[in-house]
Amino acid sequence: MAFDLTTPISDADIDKLKVGDTVTISGYILCGRDAVLPKVLKMIEDGTVGELGVDLHGQVIFHTAVSPAGVGPTSSNKLEIESSIAPLSAAGIKLHLGKGALHPETVAALDKYNAVYAVIPPVTALLGAKTTEQRVVAFPELGMEALHLIKVDKYPAIIGAAHGRSIYE
Amino acid sequence: MSKSYEEIVTLVRDTLVEAGSTFRQDKKDAYTRAIANETNDKAKWVLETILENAEAAEKNRSPLCDDSGIPHMVLEIGEDTPVTGRTLDAIRDGITAGLRKLPGRPMGIMGDDSHRIDQSGGLNPDSAGVEPAPILIRRCKENVLRLHILMFGGGPAIRAKTYRVFHKHNTQVVLDEIVNWSKEAVSQLGCSPCTLAVGIGRSHFEAASMMLQAQVDGCYDVQSEMEQEITRRVNEADIGPLGLHGKTSVIATFMKVGPQRASGVRIVCVRPCCCFEPRIATVTLSD
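For the record, the sequence lines run as chains B and Y.
Mapping to the numbering used here: the first sequence position 54 is 400, numbers consecutive.
Mapping to the numbering used here: the second sequence position 142 is 431, numbers consecutive.
So here's chain Y without its partners, still in its complex pose (with noise of 0.2 Å):
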């Protein structure tokens, strides 16, 4: 039994609430434990009132930031489940619902291509006007139809970086570049503390990817040697939360490395996310 395009519906447009508006549990665990270690006392501040403003979103179930974001979603399908246009045309509808129930800040920019490059069509006043990202579609172990929910805000995006690395058959030189962006990155971006989301593939689009799905599979709980010497040597430049010192740049790291092209060249991908992100909810369309 497949769920109805009404149900699909409404679970995508309440999944889309809960990116918005909910810090996951691993999330709040890893701010409570900065706050406990972090010593610089304008930093802690900051901490506290970020997770007690994600307590707060929670509760009323309204956005976590003023810069909702856009939209973008990973599928997962699974070995025998159906997948058609109309089920991609519910959660189409989905988020459009989650979008004007959030509600999301409204920054759909209308008109023709000119028109939506220096924004003179104006702006859509519907939340609903903001178009969500292509969906990326991958294969999972379960019979089931799985979506995951990630909403984008435009600091990160505008301090992210997609960029080649000639890696010197060292993974040392390309972990020292994927550090020295972040670091950069992390400085300029407000809202710290960041988790860096880090792709590596073969080409812009697949090390785009690769990040996009490390937020989706990342833990707070778990991370690996290389998660945790970027985070610790980035943490080390005592940029601090909203860039006001201390110990807590960077909460995690969240990396997935995709397969490598036979070449002196790796195509790496770092969004510093911001201390809301990632913004993800995930729900089971399927029966």
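For reference, chain B alone in the conformation it holds in the complex (with noise of 0.2 Å):
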């Protein structure tokens, strides 16, 4: 099946995707990696995140840096990128964009939040085209990889992890 999918996501929206499903992203989206996502999950745990100015649920974090280079997926199963899945998830993101393979019980955890794990190709020059906004939410120390939130039309992916089951088994 193909889904078009707009941020701020549903739960029905969730209900109804299942692994292997094509979908289109559009909206705002968060984008985080290695060295933000423990940042935001230390504001999370100090009931700080409100401080952001971004409402996490319904929203999807996209693991990439945000450079001139452009974006595209880093491997979501990196130790401080998968950690941070099922916390975010409680959190009330709903969608995790990356690639790679996650272990079982991340996608358990995602079934527990009633979130999904979507794959997108590493096609830093059509996510360009399809790229309109872009502007740093927090800790711009980190350069290219602090929280950024862009704005994003139709970005092409498959639901690789939902409900329990995962496109890698």
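Derived from the structure by calculation, the hints contain no laboratory data.
Check before you lean on any hint, since a few could be wrong.
[Claimed, not checked] Below, in silico cross-link-like pairs of lysine to any residue (SDA-like), each with a Cα-Cα straight-line distance of 20 Å or less: (1) K317/Y to T338/Y; (2) K333/Y to S476/Y; (3) K424/B to K450/Y; (4) K500/B to L340/Y; (5) K333/Y to G366/B; (6) K476/B to T338/Y; (7) K457/Y to M515/Y; (8) K424/B to Q477/Y; (9) K476/B to E347/Y; (10) K457/Y to A551/Y; (11) K390/Y to Y514/B; (12) K536/Y to S476/Y; (13) K333/Y to A348/B; (14) K450/Y to V463/Y; (15) K536/Y to E515/B; (16) K500/B to D350/B; (17) K385/B to S409/Y; (18) K424/B to G443/Y; (19) K364/B to N329/Y; (20) K500/B to E344/Y; (21) K476/B to A345/Y; (22) K348/Y to A475/B; (23) K364/B to S512/B; (24) K385/B to E341/Y; (25) K331/Y to T370/B; (26) K500/B to E341/Y; (27) K536/Y to I504/B; (28) K424/B to I447/Y; (29) K424/B to A449/Y; (30) K424/B to E473/Y; (31) K331/Y to K424/B; (32) K476/B to R350/Y; (33) K536/Y to T321/Y; (34) K331/Y to E515/B; (35) K500/B to T338/Y; (36) K331/Y to F349/B; (37) K333/Y to T370/B.
Could you fit the two chains together into a complex? Lean on the hints.
Written as structure tokens, this is what we have:
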């Protein structure tokens, strides 16, 4: 099946998604990877995540840097990234966008919080034409690894984990 | 007549941009063949998207991937071709200009030895803050000065392996080990299909240099029996593009076998080059 998703993503949107579905993603989405995601988790733990000024509920987190070279997925199974998926899902993130196989416990955590993981091809030149706005939300000292908010139009992806199943099984 | 300093800088700059933004024709043809042969719909979609991305990057002269890579160079020197310190300075300035023009991802790490290891010294915000790797020099038959620029991404570096193999006086033992390493590496690499770059030598340095030269000399249209066997056996693992299953885990294998030691051991280097690699372009720097 093919679906067009626009942020904020609802529980009803997630309910209909299955592993292997192709989706497009549009709207404002967050970008963060190894360096910044642990800092966002710390803000959640400290109860200060509201200071980001971005509502995490229904949001997408794209595992990428944002640099003059563009955007593209880094491996989501890097320790600091994959360990963020469960707590960020608990905080309201609905779709984690990256690449690579996740561990079974992460797939189970996604199911627990009714969130999904989608795989996006590393097609920086195409994604550049589909990215219309970008700004730093927090931790600007991290440069390209700061937490960014970008506006995207129909990013292509495949659902890689949903409802306890993984495309890598 | 040799080219001026400024001419070399300009040529190297534009060659780096080409390396970071362009698929060579044999690679485009290999993708086209893979798309035609792939029966898994998701795998086919990934292959088509990667080729479409390559066409857009070439048209825009923009990076194929946001990990624009670390410049690696092979310099080929002909019989009567002078190379001076100023030649190397001009090449280095061309690399700097190319990284800014591409533009490359600003991922140069600043600070002293410790800071650069733990990344506590911060990132250089300049794309040109990325230092190129040391230049590999080799002799060529033609009387020219030729530079190959390759852009090495981080994902393949994470999954690459250089280690000894006890060959038991049987080539098949070494090929089996290469296939086993490659299956593991390709399955872990997010950005497949791969081109496997393989070097076999007498030391880790030599094996890695052979792996680099394999990418310079390799061609998707011409594959040896050993290269074909490695590609076929890894593809039988059903890993597929982006790990989504299918026939196309590996597009081709580029292997270079150097001189070998009188010993029971071979040093093997395998780099699972990502779907964009080898990101390579070549320029002649002599008249």
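Tell me the numbers of any earlier hints that the structure contravenes, in ascending order.
11, 24 and 31
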